[in-house]
Structure formats: C-alpha cells, structure tokens
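Q: Read off the chains here:
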Amino acid sequence: MSRPLQLLDPQGHPTGPIPWPRPRLVELYRWMILGRAFDERALAWQRQGRLGTYAPFSGQEAAVVGTAAALSPEDWIFPTYREVLAGVMRGVPLSRYLLLFRGHPLGNHVPEGVNVFPVQISIASQIPHAVGAAWAAARRGDRTVVLVYFGDGATSKGDFHEALNFAGVFRCPVVFVCVNNGWAISIPRSRQTASETLAQKAAAYGFLGVQVDGMDVLAVYQATLQAVERARTGDGPTLVETVCYRFGPHTTADDPARYRPEQEVLQWKALDPLIRLRAYLTSQWGWTEQEEAALWKEAWSTVSRSLEEAETVPSPDPTWMFQHAYGAPPGSVLAQLRAFREER
Amino acid sequence: MRSRTMVEALNEALLQAMEQDEAVVILGEDVGLAGGVFRVTDGLLDRFGPGRVVDTPLAESAIVGVAVGMAAYGLRPVAEIQFAGFLYAALDQMAAQAARLRARSGGRFTAPLVVRAPYGGGVRAPELHSDSVEALLCHTPGLKVVVPSTPAEAKGLLLASIFDPDPVVFLEPMPLYRATREEVPEEPYRVPLGHARVACPGRHVTVAAWGAMVPLGLRAAEELAGEGVELEVIDLRTLIPLDSDTLLGSVRKTTRLVVVHEAPGTAGFGAELAALVAERALYHLSAPVVRVTAPDVPYPAPALEDYYLPSTARLIRGIRAVLEA
Numbered sequence: 001m002s003r004p005l006q007l008l009d010p011q012g013h014p015t016g017p018i019p020w021p022r023p024r025l026v027e028l029y030r031w032m033i034l035g036r037a038f039d040e041r042a043l044a045w046q047r048q049g050r051l052g053t054y055a056p057f058s059g060q061e062a063a064v065v066g067t068a069a070a071l072s073p074e075d076w077i078f079p080t081y082r083e084v085l086a087g088v089m090r091g092v093p094l095s096r097y098l099l100l101f102r103g104h105p106l107g108n109h110v111p112e113g114v115n116v117f118p119v120q121i122s123i124a125s126q127i128p129h130a131v132g133a134a135w136a137a138a139r140r141g142d143r144t145v146v147l148v149y150f151g152d153g154a155t156s157k158g159d160f161h162e163a164l165n166f167a168g169v170f171r172c173p174v175v176f177v178c179v180n181n182g183w184a185i186s187i188p189r190s191r192q193t194a195s196e197t198l199a200q201k202a203a204a205y206g207f208l209g210v211q212v213d214g215m216d217v218l219a220v221y222q223a224t225l226q227a228v229e230r231a232r233t234g235d236g237p238t239l240v241e242t243v244c245y246r247f248g249p250h251t252t253a254d255d256p257a258r259y260r261p262e263q264e265v266l267q268w269k270a271l272d273p274l275i276r277l278r279a280y281l282t283s284q285w286g287w288t289e290q291e292e293a294a295l296w297k298e299a300w301s302t303v304s305r306s307l308e309e310a311e312t313v314p315s316p317d318p319t320w321m322f323q324h325a326y327g328a329p330p331g332s333v334l335a336q337l338r339a340f341r342e343e344r
Numbered sequence: 345m346r347s348r349t350m351v352e353a354l355n356e357a358l359l360q361a362m363e364q365d366e367a368v369v370i371l372g373e374d375v376g377l378a379g380g381v382f383r384v385t386d387g388l389l390d391r392f393g394p395g396r397v398v399d400t401p402l403a404e405s406a407i408v409g410v411a412v413g414m415a416a417y418g419l420r421p422v423a424e425i426q427f428a429g430f431l432y433a434a435l436d437q438m439a440a441q442a443a444r445l446r447a448r449s450g451g452r453f454t455a456p457l458v459v460r461a462p463y464g465g466g467v468r469a470p471e472l473h474s475d476s477v478e479a480l481l482c483h484t485p486g487l488k489v490v491v492p493s494t495p496a497e498a499k500g501l502l503l504a505s506i507f508d509p510d511p512v513v514f515l516e517p518m519p520l521y522r523a524t525r526e527e528v529p530e531e532p533y534r535v536p537l538g539h540a541r542v543a544c545p546g547r548h549v550t551v552a553a554w555g556a557m558v559p560l561g562l563r564a565a566e567e568l569a570g571e572g573v574e575l576e577v578i579d580l581r582t583l584i585p586l587d588s589d590t591l592l593g594s595v596r597k598t599t600r601l602v603v604v605h606e607a608p609g610t611a612g613f614g615a616e617l618a619a620l621v622a623e624r625a626l627y628h629l630s631a632p633v634v635r636v637t638a639p640d641v642p643y644p645a646p647a648l649e650d651y652y653l654p655s656t657a658r659l660i661r662g663i664r665a666v667l668e669a
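Chains as they are written, first to last, in the numbering used here: chain A, 1 to 344; chain B, 345 to 669.
Isolated chain A (complex conformation):
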C-alpha cells in the first residue's frame, strides 16, 4: 500500500512542486485559523452554558478546508455535525451554526441560494442523499459537483456501501470525503474494518480512492481538486480519505481519557495542520509575525461577533414545529396547531 498523499512534510517542507500562489495559500490558512478559533471559543461557550452539546473539530481543519476550498459556487455539500466550517466556507453564516448548537431551529435553516444541506446527525444517512443530488444534477445537465462528508465510523454502515455502489454504477458527479479522524467515539479505526485503508474500499465500487495526509491541507486540496475535476468532466466519483485526528472529545459530553492515551493525542498534535502550513508559509513565502497576528485577530473578532449575532436572535416562535412539518399539512396537524395557540 502506498503512503498517503503528502505535499508538505510535518515540518512544512514541500515534498515536490506546489503550484498555488501566495494569496491562495493564505486563504486556506485563514479558513483554518477561523476554524480553530471558532472551535476553541465554542468549547469555552459550551462550558459557560451558552451552547448546548458541541462536537469539536480541532485537528480536522485541513481535511475540511482543503476539500471545501476545491469547490465552485454552484457545487453542493452534505456535511455532518463536524464540518460546520465547510458550511461557513460555502456561505452559511457562522451565527447559524452557533444557533444550531444553541438548539435553535434556525440553526439548520440554510439561507436560500446556499447549496449546503442541513448537518446530518445520523451516521452515513447523508451519503445516498448526496448521490441522489449528484444524479439529479447530471440528469439536468448541470455542471454541479456534490461533495459529501462522513467519518471513518460511517464506512461500516450499509448506507455507505449502498450509496458508493450506486454512485459507481451511474458514475455520479460526487466526491466522497471520508474524514478519518481515527475514532468513532471510543472505537478505533482498526475496529471499524480489517481493510488496510478506507480509500481502498473505492476499488470495490469501481472508482478511484485516494488516501491523503489529512494534516496537510495542500495535499487534501490537491486530491480534492482532482476529484472535483473528474466529477465535473463526467469521469465519475472519487473517494478521498483524509487521515487526520480529533484532538478533542467526540462531543462535549464525551471523555476521551477513557479510551485513548494522552500520548497518542500529543503525537498527533505535533502534526497540527495549522503549524505545518505556517512553517511552509514562513520558510517559502516570507510569512511574518504581523501577518499571523492579523489573521488571528480577525478570526477572534469574527467568532465573537457571530456569537453576539446568535445571542440577539429571538427565541423561536413555538409554532415553528407545526409550520415546517408538511408542505400541505394534514387536518390533524392544523387542529393541533389551533389547540396549541388557544392554550397559550
């Protein structure tokens, strides 16, 4: 088995030519910093009671940013609860996702014109949806590519198999991104499958699978650009496995000390995708302390502002649940809504 694709080694040294100009690289870095800042603040806010259950993603920024950045405006993404950063990159306001973690129903209401599906809670269920959207796009002659995220645990589920199999048969314009962070809550990747890699599963479905160093945003970006290009030109799906790590708990309700050694976390933190890209920018592109500080300052300010925005959104109208259950509601729902209004 070949090694995962890598463009930067853990010290940030390029392993080959890197084709993108400085602004593009800085853009990727800027999104990763925003993600890290958001994640750190969100954890703190959860402890303060300002957010409900939260699923942190520190350690997975390269996997998310490198994939979402490879898309065009017309493309669609199907995220899980751990890829809200991808949704933000595609145009969902950060405050929407804060509302989501605050339990507000507006949190999954993606603005019109933004092609981001509501975050999926059930594992792997969104994969067939993405394939259906991709099939529909191809049938309509749109040049849309659909990108769907899921974790290593999802590859054990039936919907993963059924969806990839379907996409292979119809050569749907879809990119499957497996964010392999090593752990499905307490179950290690080795217990999900006896396969050597997750990427190799693509071979069984008749399309290409690529394993990428998920702590190297440039490798993720390059692999996804190629996958998106294949999808857009009618060459069908690709499975991109990004090998990364969840630095924190599964959610704020989880205690990873029960199942994984701190030593392992430290080993992965040494591979931090932000540190790696910064080292490269510094050595090759003259990245300065001032520029670094400016990006962080901008990120902290964006994140703080988004919480302020979220906290000023009024509590939802309680009839929301009735109003969005059906397009043409049954009489029983209308009667229950009337009774609900009368009781209040």
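For the record, the hints were derived by calculation from the structure and aren't laboratory data. Glycine included, C-beta positions come from ideal geometry on N, C-alpha and C. Some hints here could point you the wrong way.
To be verified - Partial pick of chain B residues on the chain A-facing surface, computed with a CB cut under 7 Å:
| id | residue |
| --- | --- |
| 1 | SER347 |
| 2 | ASP399 |
| 3 | ALA406 |
| 4 | GLY409 |
| 5 | VAL410 |
| 6 | MET414 |
| 7 | ALA439 |
| 8 | ALA440 |
| 9 | ARG446 |
| 10 | ARG448 |
| 11 | SER449 |
| 12 | GLY450 |
| 13 | GLY451 |
| 14 | ARG452 |
| 15 | ILE584 |
With the hints as your guide, set chain B onto chain A.
A: Then chain B, alone, in the frame of chain A:
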C-alpha cells in the same frame, strides 16, 4: 372511458405524470427493462429512456435515500420498493430522513417524493412479501400514507401523490392489482389526498376499511343486505391525511363502527380510528367499537394466511357483535 385494471391505471398515472412534468423520474429494482415485477412501470423505459426510468442496484435504503437527494435537488422521484416487506430496510431513510427533511431544514429543503410498494396478503407469496406496514408509516410525522382500492382511484391518487409537496408512501394492495377492471377516465386527474370515499352508503353499521379490505366490506354488505342490515363502507383512501369528518359523520349516523385491517391489531391504525371515535363521537355509539384484524403475530407461511387475514365471515361476526351489543 376504457376499462382498466389497477396495474394499468397506475401505469397510466405514471406515464401521464412524466408527460406533464420533466422532473418526474422513476427508480427502483426491475422497473425498467422488466417493467416492474407487477408490470406497473411497463413500457415507461421505452417511452422516456434510461434518464427517467432507472433500474437501480438491489438496495432499498439507497433507493429511498437517493430519491431524497433527487427530490432536494428539484426532481420528483417515484421510487418503487418491490414489496412492502422490504420497506423495513429503507425505514431509516423514510422515517429519519425523507419524513423530516422539511422540518429539519425549516422548509429550506423538501423531499416531494413517492415511495410505491405493493402490500397485503392473500396471494400465496413467499415470506415478507405480504406485510401490511401502514401503521409504522402513519406514526412517522412528515409522511403521508395513501392506499387505493379501485383502478380509477389508484390513478387519481397516484397523480395527486406525485405532485404533493410532501413525501408520500403509496401502498398498492397486491390482491387488487388485477382483481377487477373498471372504467378509468383517459385524461389525467387527481383525487385529492385527505378525502375518504363512501364505497357503499348504509344506515346501520359503519365499516372503515382501506386497500383490499374495501371489497371485503362490500361483500359483507351484500351478504347482510338480505337480512335487512345496511352497512356503510368507508374507504379511507388516505390514512395520512385522515378524513376524520367523513368517518365521524358516518359513525354519528349509524352509531356503530367496525374497523377492518390486514395488519396486526395492537397499535394498528384501527386503534387510532377507535380512539378518534372515543374522543369525538363516544356518546353517539350504541355499541363498543370492534376491530377485525390480523393477530399480533408475524405474517405466517402462505398455507396459514387465510387464517391470519380477516375474512368476510370474520368481518360479519364483528358486525354482528356491534349489532347485538
């Protein structure tokens, strides 16, 4: 007007829906080349091509899950599950995904799709080919559940379901597929969801039924007519939305209700109807509500199914019970 079986009427509904709207696509196992195991999709592949009639891999969860994505992208997919007993494999996609996409996204994304499935017993089919799963689906908010009982209604109800804004499970009573022919109007028409039909008017006992239990009710009505007993057989047609007004109106008139269904009794849809009548028409009743149903056991081997399913004789015993109470 031409005489049509239910299979032919459903086929015509699909064809006309596809003519009316380019967004309508069909997907499922054996729906293309084979025309569906019951031939409901016969000829549609030739007519509309593989871009609109899709033979899928053998994967129920993906068929419904892919249909959710198609619908969210703007198509109107009509998915076929070969037999309702195989719906269990797709229940996650139906209950946890299709049913709540609108609610989850606050209306930003919707899943206007139809899942068609033959259901019901009495045709000596292998295991898992005869289950009546309607109660599971009726207890899944976000879904609609439609069950035709005649060819003409099957056509109009399917057209209405395809163009409904919500996900609809369309359960086709297998024993009625080719049981009768009747006049079916040629032009496209929609039978609106949420309206029951009085299949046979009468003054003495209301029989609430759907699918293959409707002709059973009509047979009972014929048999009892000789005794001067008039049954009012209500064909609910759509379980969700439920036309409670028609049912309650009938019960207030007859003061007696028998519900007949093929599914097991406990927590079946008949329980919902009995509860509805208890809540809103109790003092009109002259007798306790009787449910004539299958027992609370898994659908048995074909050699036993006649003992499992409600029969005309059992239905008449139930009717006598409400008359004699």
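Q: State for each hint whether it applies.
A: Here's how the hints hold up against the structure:
no., hint, verdict
1, SER347, "violated, 32 Å"
2, ASP399, "violated, 10 Å"
3, ALA406, "holds, 4 Å"
4, GLY409, "holds, 3 Å"
5, VAL410, "holds, 4 Å"
6, MET414, "holds, 4 Å"
7, ALA439, "violated, 10 Å"
8, ALA440, "holds, 6 Å"
9, ARG446, "holds, 6 Å"
10, ARG448, "holds, 5 Å"
11, SER449, "holds, 5 Å"
12, GLY450, "holds, 4 Å"
13, GLY451, "holds, 5 Å"
14, ARG452, "holds, 5 Å"
15, ILE584, "holds, 6 Å"
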